[in-house]
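**Student:** Given next are the chains, with one letter for each unit.
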Amino acid sequence: MSASPIDEAELKVLLARAGLPHSPEQVKAILPGAEIVQRLLARVNAPLPREAEPALTFKVEQK
Amino acid sequence: MSAILTIAEAAKQIAAKKLSPVELAKTHLDRIKRLDPQLNAFLMVTEERALADAKAAEARQMSGSLRGPLDGIPIAHKDIYGTAGIRTTAHSKLLEDNVPTRDAHTVKKWADAGTVMLGKLSTHEFAFGGPSFDLPWPPARNPWNREHFTAGSSSGTGAAVAAGLILGGTGSDTGGSIRGPAALCGIAGIKPTYGLSSRAGILPLAFSLDHAGPMAWTSEDCALLLQGMAGHDPEDPASVNRPVADFTAEVGKGVKGLRIGVVRHFFETDHRASDATRAGIDSAMDFFRKEGAEVRDITLSPAADYHAVGYLLMINEAFTLHAPWMRDRFKDYGELFRDRVALAATFSGADIVQATRRRRLLCREMATAMEDLDIIVSASQPGEAPRIADVPKWANMEKPSFTMPCNVTGFPAISICTGFGQGGLPVSMQLSGKPFTEPTLFRAAHAYETATSWRNKRPAMAA
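Heads up: the protein sequence lines correspond to chains A and B, in order. Taking our numbering, the leading residue of the first sequence gets 19, the next gets one more, and so forth. Taking our numbering, the leading residue of the second sequence gets 776, the next gets one more, and so forth.
All clues given are correct.
Keeping only pairs whose Cα atoms sit at most 25 Å apart, straight-line, the calculated SDA-like set for lysine to any residue is:
1. A:K46 x B:A1098
2. B:K1168 x A:L49
3. B:K868 x A:G37
4. B:K1174 x A:Q56
5. B:K1174 x B:P1161
6. A:K30 x B:P1167
7. B:K883 x B:S840
8. B:K1106 x A:A27
9. B:K1209 x B:V1019
10. B:K1028 x B:G1194
11. A:K30 x B:G1124
12. B:K868 x A:P39
13. B:K1174 x A:Q44
14. B:K1209 x B:R1139
15. B:K1106 x A:L33
16. B:K884 x B:T1212
17. B:K1168 x A:E26
18. B:K1106 x A:A47
19. B:K1028 x B:K1065
20. A:K30 x B:W1169
21. A:K46 x B:W1100
22. A:K46 x B:E1110
Sample of chain A residues facing chain B (criterion: CB under 7 Å; computed from the structure):
23. L33
24. A36
25. G37
26. L38
27. I48
28. P50
29. G51
30. A52
31. I54
32. V55
33. L58
34. L59
35. N63
36. L66
From chain B, some residues computed to sit far from chain A (all C-beta separations above 10 Å):
37. F908
38. E1043
39. Q1197
40. P1214
It should be emphasised that the hints constitute simulated quantities derived from the structure, not laboratory data. Note that this is a predicted model, so its numbers are computed, not measured. Using N, Cα and C, we set each Cβ at its ideal position, and we do this for glycine too.
Work out the full structure, taking the sequences as your base and the hints as a guide.
**Tutor:** Written out as structure tokens, the structure is:
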């Protein structure tokens, strides 16, 4: 579950594409958080069995 | 014994006409005036409303028409709960002048139950960005030591209950925002089963993880408050339409026969909790065994798996809600909220679907683990409250949370105090159960609280 690296240039592009233009200082301030998110993404993107379908997050009878 | 009453005690005295709701309200308003300048728990004190509510309760008391155990009880609401005609800010510059026209469903239910509303309580910005020092109001302080953090986001409720400014209050919990402040402020707080209490009229953070619940000095008081909140509301699409349990029905029945699983790896290896936290849990398990419960260790997926799923879904849903404002009014947000939520820009739709698929597996895992258990035990927080100035921007992301598993799965969970650490601040444990088994959680929590002395000690400033 290794994380993909993310650098300031890539982060700046991603933020801008989301409509959140950041100054270089702001990008630098967010980078440590983006690195943590990469670790979280590595964990959720580990291979899953095919039957792990999102439509049944909660049991029907719980409703 | 503390001079500040619990809700259960106050309700008995009000019912017996030995306690005036008006005098009780005045006592708490005086405490707020005296202590809150040191705590910042309140964003607004609604004194006129409180006295009007209290007078109405007293009239019912005198005419023998009390509405139940919450009638005349001083409470306050986290400032993401909409209150008709009363400013509701989410502790944010963006909603500085926001005055809802309707009460949140749960606010109305508590008002209908006769509660006395003392005001609106501080939160982390939009229940996520905190502790922040760049918002229109300062963050709440921990009454056990004002240099220390309350946790969040129901920070004002945690501080106000611990200091005895109110007897109970509302919180919301998306990743632990009820149980965290309950733990660090040494009180009780329950995140109910997903769907049990309506979120309609409460400013959302993340639809699929948000829960509304109560916080109070004791678990029994939480049971009384939850009774006044729970129930179907067609305006919340997640609200369940089923009979509401009697949450105090099992209080006082002890723990004999309960089957308890301890997720020891969560707080020993996945994210090692402090010595005092671990000792508190061990001591509680000794108590449960001695009283006839069956206690054994269980293994779940690493806490980090639950944390990753919950955190990614949370910031994704929060970004979806806030994107228009974040594009137009970016600088009106505090740095912590905007920087944490902006991270949603760094992942894809496919990542979110993958998180959702993994969520299903985790829900199934926890349901399977609970098939032959009544309660699962873990820590609520890793230890005592850190100094508020030392809480890093990414603190709630870096290490796996103990509370997030029950947001991911929707299972109910309560945090209760298990003593004090080396710094003199509270430590805690978390009891979780199957969906809609809140009465069992209250049963076990009450048995522990009444067998130990922790509920007799208030912060020194509250004396």
